[in-house]
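Going by the UniProt record's numbering, the first residue of the sequence shown is number 1, and it counts up by one from there.
Source of the hints: derived by calculation from the structure; they are not laboratory data.
One should not assume that every hint holds.
Just the calculated beta-carbon pair ranges, DEER-fashion [stated by the list, open to error]:
no.	residue 1	residue 2	range
1	Arg69	Ala37	25 to 31 Å
2	Ser14	Gly57	29 to 35 Å
3	Thr36	Pro72	29 to 35 Å
4	Ser12	Arg41	16 to 22 Å
5	Glu55	Glu17	17 to 23 Å
6	Ser68	Ala38	19 to 25 Å
7	Ala37	Pro72	18 to 24 Å
8	Gly57	Ser12	30 to 36 Å
9	Val28	Asp58	17 to 23 Å
10	Asp58	Ala37	17 to 23 Å
11	Glu13	Arg41	29 to 35 Å
12	Ile54	Arg30	16 to 22 Å
13	Ala52	Gly24	26 to 32 Å
Straight line, CA to CA, 25 Å or less: simulated SDA-like cross-link-like pairs of lysine to any residue [to be verified]:
no.	residue 1	residue 2
14	Lys70	Glu13
15	Lys67	Glu13
16	Lys34	Arg56
17	Lys67	Arg56
Glycine included, each C-beta is placed from N, C-alpha and C at the ideal position.
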Amino acid sequence: MSAVFEGVRPASESSIEIGFSYQGRVCVERLRLKPTAANLRRATEQRAEIVAAIERGDFDYAAAFPKSRKAPTGG
């Protein structure tokens, strides 16, 4: 499944984890979505948008994950 959904995996019966690199760190965030095939595709698309925004230099961690305590601080 990880080959199809790169950087995305079921975390529990009610959530999905997405992983990406940001500011030299490996970041893992949990989405409150049941890990169905459709939701895994949706999470994969969201991850692709995040990776593209990071590459463009306009990713806003706090906006993408407003409830995350893991968001880097200080720019």
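Cross-check of the supplied hints:
Between Arg69 and Ala37 the beta carbon distance is about 30 Å. The supplied range of 25 to 31 Å therefore holds. For Ser14 and Gly57, the hinted distance range of 29 to 35 Å is satisfied, since their beta carbons lie about 34 Å from each other. At roughly 31 Å, the beta-carbon separation of Thr36 and Pro72 lies within the given 29 to 35 Å, and the hint holds. For the pair Ser12 and Arg41, the supplied restraint of 16 to 22 Å holds, since their beta-carbon distance comes to about 18 Å.
In this structure, Glu55 and Glu17 meet the distance hint of 17 to 23 Å, their C-beta atoms being roughly 21 Å apart. For the pair Ser68 and Ala38, the beta carbons lie near 24 Å from each other, so the given range of 19 to 25 Å is met. Evaluation of the 18 to 24 Å hint for Ala37 and Pro72 yields a failure: the beta carbon distance comes to about 32 Å. In this structure the hint that Gly57 and Ser12 lie 30 to 36 Å apart at CB holds, the actual value being about 33 Å.
Hint check: Val28 to Asp58, Cβ distance near 21 Å, so the stated range 17 to 23 Å holds. For the pair Asp58 and Ala37, the beta carbons lie near 30 Å from each other, so the given range of 17 to 23 Å is not met. At roughly 18 Å, the beta-carbon separation of Glu13 and Arg41 lies outside the given 29 to 35 Å, and the hint is violated. At roughly 19 Å, the beta-carbon separation of Ile54 and Arg30 lies within the given 16 to 22 Å, and the hint holds.
Here the CB-CB span from Ala52 to Gly24 is close to 18 Å, at odds with the stated 26 to 32 Å. Pair hint Lys70 plus Glu13 holds up; C-alpha atoms about 22 Å apart against a cutoff of 25 Å. For the hint linking Lys67 to Glu13, the alpha-carbon distance of about 20 Å falls within 25 Å, and the restraint holds. Using a Cα cut-off of 25 Å, the hinted pair Lys34 and Arg56 is violated, with the two alpha carbons roughly 30 Å apart.
Using a Cα cut-off of 25 Å, the hinted pair Lys67 and Arg56 holds, with the two alpha carbons roughly 23 Å apart.
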